[in-house]
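J.: In case you want the letters, here they are:
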Amino acid sequence: MTLKPAEWQLALPLGLAFASLFLAPFLLLFGVSFFNDDQITQPGFGQWIKFFGDPFHYKVIADTLLLGVKTVAATVIVGYPLALVFIDLGPRLQRVLIFIIVMPLLLSVVVRTFAWIVVLGREGVINTLLLHLGVISEPLRLLQTELGLVISMTQIEMPLMLLPLISVMSRIEPNLRDASAALGASRWRTLFTVIVPLSMPGLIAGCLLVFASSTTAFISQSIIGGVRLIYLPLLIWQQSLVVFNWPFAAVTSLALLVSVLSVIAALSYLGRRAGGAIHG
Amino acid sequence: MGRRQSFADISYGFVIGAIALLAVVIIVTPVIIVVILSFTDHQSLKFPPTGFSLQWYQQLFDESQSRQIHRAAGNTLEVAALSTLFGVVLGTLAALGLARSRSVAARVADSFFLSPLVLPGIAFGLAALMYFTLIGIRPSLGLVIAGHMIVTVPFVVRTTTASLSQLDPALNDSSQSLGASWFYTLRRVTLPLIFPGIAAGAFLAFMASVDNVPVSLFLSTARTDMLPIRMWGMMEATLDVRIAAISGILITAAFLLMLLMEWTVGLTRRMRD
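If you read the protein sequences in the order shown, they are chains Z and W. Using the working numbering, read the first sequence as starting at 24 and increasing by one per residue. Using the working numbering, read the second sequence as starting at 2 and increasing by one per residue.
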């Protein structure tokens with residue numbers, strides 16, 4: 024019995040690892056942003072002024088957040104009906120479907136991005152198909168457009184939307200739907216007045232994960248979006264590993280961090296309120 | 002219910018069913034297309050291929066032509082294995098320490114350990130690069146392992162905590178009241194019961210490390226090249242069809258591993274919880 028440690032002490036090793044390898048680097052990043060020169064010798068607010076004095080950077084922030092919003096919207100519109108179908112399936116089909124949903128998540132993002140280059144390219148699947156059907160006479164330009172990027176991100180991020188959504192929806196009491204139908208509500212009405220409100224915590228959790236992941240998806244953004252569509256991660260990469268202006272890259276990282284985290288904080292506040300409204 | 006199907010109900014079935022089908026098509030088709038394309042005999046990514054061959058796989062496995070890819074794949078596996086190993090030990094201990102506590106400090110610590118899941122990975126990658134450079138540690142595979150451990154350990158913490166919350170505390174109490182030591186109880190009662198949760202978390206952490214871009218982008222160098230970064234380089238420069246062959250292998254590996262994890266520890270059930 025002498026060996027029994029206090030339980031919380033078991034979390035100490037990971038706590039120390041996080042303090043030294045996670046918290047400390049972020050504090051340092053914050054510190055580095057307050058230097059004027061890329062040699063990190065003159066303290067000052069120069070880089071902050073440079074970043075926020077240029078309207079171009081506001082556009083990059085807005086574009087990054089908008090990309091997240093569009094991806095979230097697309098995954099909700101396409102993913103929500105799939106989750107609805109999922110909860111009505113039998114256990115065997117459910118196992119097959121969940122396998123199909125999870126599989127892309129375990130596939131490298133680089134592979135998924137590559138797949139979309141093949142689908143969207145000039146000689147890709149969509150162009151071949153549309154040319155063949157005579158819908159278009161010239162190949163469409165889909166790569167290096169925001170539309171192409173959002174389509175790709177919809178597939179790449181879909182599992183992150185579906186997993187929390189399905190887990191919450193599966194717990195909705197089936198009797199509630201039957202009761203709603205018995206009282207004369209159409210299935211549309213049941214969907215919007217019963218199922219959607221009850222699935223809100225899962226929906227918000229899914230939105231949160233998709234938003235966080237799509238705004239920082241450097242590979243997909245740079246490969247499918249190309250160099251003309253500039254988002255914060257690309258700017259961070261350019262400034263730190265191409266231009267080697269670390270203080271400026273630090274300011275850009277903080278802009279990404281704060282803007283993404285504030286959206287996430289707002290979403291999880293909504294999620295807690297939605298959860299409270301149902302349980303309370 | 003003998004209610005007649007109204008127009009609204011029929012339109013519901015049609016619209017929801019059609020979009021759900023579209024969703025499945027969007028999820029599955031790109032993966033299948035890449036597998037087919039990896040067998041093309043053409044020099045480009047033209048789809049459908051005009052003929053089939055194994056040339057891209059042959060080039061990929063050829064030691065002299067693809068040495069850099071082999072080295073990157075070796076580094077990737079080594080980093081994934083070691084970062085998962087450290088992550089499992091530290092993450093399981095942390096979950097054991099925090100899961101049964103209701104204190105505010107424990108909940109804050111728990112969110113802290115899960116936060117790499119929602120923080121922009123690229124910001125952490127840059128922060129880690131600056132930190133290691135400014136405190137004077139030279140880039141090495143060890144640094145990549147440390148960075149990957151931080152961003153993948155949340156998977157272990159999450160699944161292990163979920164398993165612990167389903168564990169009946171009476172089992173623990175009865176073991177200890179029968180005279181078993183704390184460590185004996187952990188080894189013979191708790192760990193065997195939460196093992197599937199730990200295994201599922203370890204698998205997810207391993208896959209996330211193999212897949213990781215933002216940390217590797219900043220912490221790996223030419224000598225410690227990682228597979229996703231090399232593939233990214235191959236995509237940015239000339240479109241090298243060997244990427245399709247690498248993708249084919251990664252898709253097959255992920256598929257087989259997932260089947261294995263599904264049969265042994267019920268992976269998808271744990272991801273839904």
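Hints listed in this document are in silico derivations from the structure and should not be mistaken for laboratory results. Please read all numbers here as calculations on a predicted model, not as lab measurements. Note that CB positions come from ideal geometry on N, CA and C, so glycine has one too. A couple of the hints might just be wrong.
Unchecked claim - If you anchor each label on the Cβ, the simulated ranges turn out as follows:
hint	chain 1	residue 1	chain 2	residue 2	range
1	Z	167	W	19	27 to 33 Å
2	W	171	Z	82	55 to 61 Å
3	Z	82	W	86	42 to 48 Å
As the list claims (entries may be wrong) - Chain W is nowhere near these chain Z residues, computed Cβ spacing over 10 Å in every case:
hint	residue
4	64
5	67
6	68
7	78
8	84
9	139
10	153
11	161
12	164
13	170
14	199
15	289
16	296
Said to hold, decoys possible - One-sided excerpt, in silico: chain Z residues whose CB lies under 8 Å from chain W:
hint	residue
17	104
18	220
19	259
J.: The structure should be examined with respect to each hint, and the outcome stated for every one.
T.: Structure-based check of all given hints:
1. Z:167 to W:19: 27 to 33 Å: 30 Å, holds
2. W:171 to Z:82: 55 to 61 Å: 60 Å, holds
3. Z:82 to W:86: 42 to 48 Å: Roughly 44 Å apart at Cβ, these two residues keep to the hinted range, so it holds.
4. 64: Given a closest Cβ separation of 12 Å, the condition holds.
5. 67: 18 Å, holds
6. 68: 18 Å, holds
7. 78: 23 Å, holds
8. 84: 13 Å, holds
9. 139: 6 Å, violated
10. 153: 13 Å, holds
11. 161: 17 Å, holds
12. 164: 16 Å, holds
13. 170: Its Cβ never comes within 10 Å of chain W, the nearest being 14 Å, so this holds.
14. 199: 14 Å, holds
15. 289: 13 Å, holds
16. 296: 18 Å, holds
17. 104: 4 Å, holds
18. 220: Nearest chain W Cβ about 17 Å off; hint violated.
19. 259: With a closest approach of 6 Å, the residue 259 of chain Z hint holds.
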